[in-house]
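Just so you know, UniProt numbering puts 289 at position 289 of the sequence shown, and the rest follows in order with no gaps.
No lab work stands behind these hints: they were computed from the structure. Given the structure is predicted, the values throughout are model-derived calculations rather than measurements. Don't take each hint at face value.
[Unchecked claim] Computed list of lysine to aspartate or glutamate pairs in DMTMM-like fashion (alpha-carbon distance at most 25 Å, straight line):
#, residue 1, residue 2
1, Lys243, Asp292
2, Lys95, Glu142
3, Lys161, Glu81
4, Lys355, Asp306
5, Lys144, Asp115
6, Lys270, Asp282
7, Lys405, Glu379
8, Lys199, Glu182
9, Lys202, Glu182
10, Lys161, Asp148
11, Lys161, Asp186
12, Lys94, Asp115
13, Lys255, Glu207
14, Lys255, Asp222
15, Lys355, Asp345
16, Lys405, Asp327
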Amino acid sequence: MGLGFIHLSVASVGVCGDSRKSACKGFFVGYCNVARSRGRSRLYVSGSSFGNRERREDHVLSEAGDSADDEEEDETTNRNERPREIIRLLKSGKKDLALEAFRKSRLKDEFRDGDLVRMVQEFSRKSSPQVAEAVLREFETETKRTADISAYNALMKGYSKARMVQAIDDIIYGMLNGSNAEVKPDVISFGILIDTYAKLNKMPAAESVLRTMTSMETVQPDAYIFTSLIRGYATANRFEEVKRCFSRLHDANLKPDLVLYNVAIGAAKKARNVSAAEAIYDRMREDGIHPDVFTFTAFVQLYANDGEFGLAKEAFERIRDHGIEPDQHAYCAMIVACNRAGEFDAAEELFMEMKAVQIPPDLAIYNTMISIRSRIGQEVESLIEEMHGSGIRSDHVTDWIIANKKRKSMGGSFAGLEEEPSSLLEITQAMRELGRAGDVEQVRGLFFFLCFVA
């Protein structure tokens, strides 16, 4: 569970976790050993900054340029031009040429820290974080110099985007347990790992990282880390933990920002806790933080879910009262609220208004409007044609609404239903008549859509 370095008695040093074992093949060599740690194997390599790492014959960076002539590099070449050239090649999608240019460079020791950070970032984006790590390791090997924490943070962000949390765990573990003792993790490093665990819904592991972090004298959590935890607990629908994290943040004398408040309000919305959301909003205003369109959209949805159409409408109107223009999500939330309350004319007005101000409806809005017009007996073909003309394709929800409208026009409805179904059983019966009852994802998607707009 969580960070290897929490178990400080474990002597094994992690560099390439199991999740990277195959990916790292061809990048590094040394003495590959398997150490048992926390009930799993930990692949580690001795050499360079992580122990004197030797270069393999099939090293990925060498592979990229084996066919190229090893021309002598003019040392008068502008030392800033080589990294810039590499980055230009990466941005233009020429990752193999970028690797070749990096391999041929004989001025790596003149690369500035910022150059290395940008190269690691671009190799992560355009190729893979594994290749970015290979670049970083070769830089360290050839210059006999350890990259600074900014370069490692750039690498870990690449692994985070790829959801390769064990790779991040291994890198930080090495920093804290001797294999890369020359560089230490900072608050950004820990934040990346905590955020990645939270996004993977591994909250016990995220909390373990936080405990290790707070036990150190040199680094303490910031508001971003608590935002990651709150977002993770909100996704898991654990609102009590959200409130606890909020209290811990205040206890640490950290001031929440707008993003954190919005995450907390979103968590209260998901828990359908109106009073908690309103309390968080009041605290936000006391802290002098101004709400944005996301804040008010959350309240539109919250009040609509609670059957309070008047309050939902008021929350929508407050968007403009604060000098903000509603966006697509705000319009969608309010149109759905109108549909739920039976305010079909108001929904139609909002639909026309958003198009008039050049905010394009998305599939969810079109499906809601198709459902509304179908309910009140209006034609929907022109709306479907408009949707297709804007490049939006129908989905199973659209198909079901259209098919049900046709059945009703013939005096019936799916499976003898007079109204749109409201249970999974009824949905399944209706979809069976369409020949789609076996498509579990479509059945579930339709059920949740109808629950949302009903």
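Against the structure, the hints:
1. For the hint pairing Lys243 with Asp292, the CA-to-CA distance comes to about 21 Å; that is within 25 Å, so the pair holds.
2. Between Lys95 and Glu142 the CA atoms are separated by roughly 21 Å; this keeps the pair inside 25 Å, and the hint holds.
3. For the hint pairing Lys161 with Glu81, the CA-to-CA distance comes to about 29 Å; that exceeds 25 Å, so the pair is violated.
4. At most 25 Å may separate the alpha-carbon atoms for a hinted pair to count; Lys355 and Asp306 exceed this at roughly 28 Å.
5. Pair hint Lys144 plus Asp115 holds up; C-alpha atoms about 17 Å apart against a cutoff of 25 Å.
6. About 18 Å separates the Cα atoms of Lys270 and Asp282, which keeps this hinted pair within 25 Å; it holds.
7. Pair hint Lys405 plus Glu379 holds up; C-alpha atoms about 10 Å apart against a cutoff of 25 Å.
8. Using a Cα cut-off of 25 Å, the hinted pair Lys199 and Glu182 is violated, with the two alpha carbons roughly 30 Å apart.
9. For the hint linking Lys202 to Glu182, the alpha-carbon distance of about 29 Å lies beyond 25 Å, and the restraint is violated.
10. In summary, the hint linking Lys161 to Asp148 is supported, as the alpha carbons are separated by about 21 Å, within the 25 Å threshold.
11. The straight-line distance between the Cα atoms of Lys161 and Asp186 is roughly 19 Å, inside the 25 Å bound, and the hint therefore holds.
12. With a C-alpha separation of about 18 Å, the suggested pair Lys94 and Asp115 falls inside the 25 Å cut-off, and the hint holds.
13. Taking the CA atoms of Lys255 and Glu207, the gap is near 20 Å; set against the 25 Å cutoff, the hint holds.
14. Restraint check for Lys255 and Asp222: satisfied, since their Cα atoms lie roughly 9 Å apart, inside the 25 Å limit.
15. Straight-line distance between C-alpha atoms of Lys355 and Asp345 comes to about 16 Å, which keeps the hinted pair within the 25 Å bound.
16. Our distance criterion of 25 Å between C-alpha atoms is broken by Lys405 and Asp327, whose separation comes to about 30 Å.
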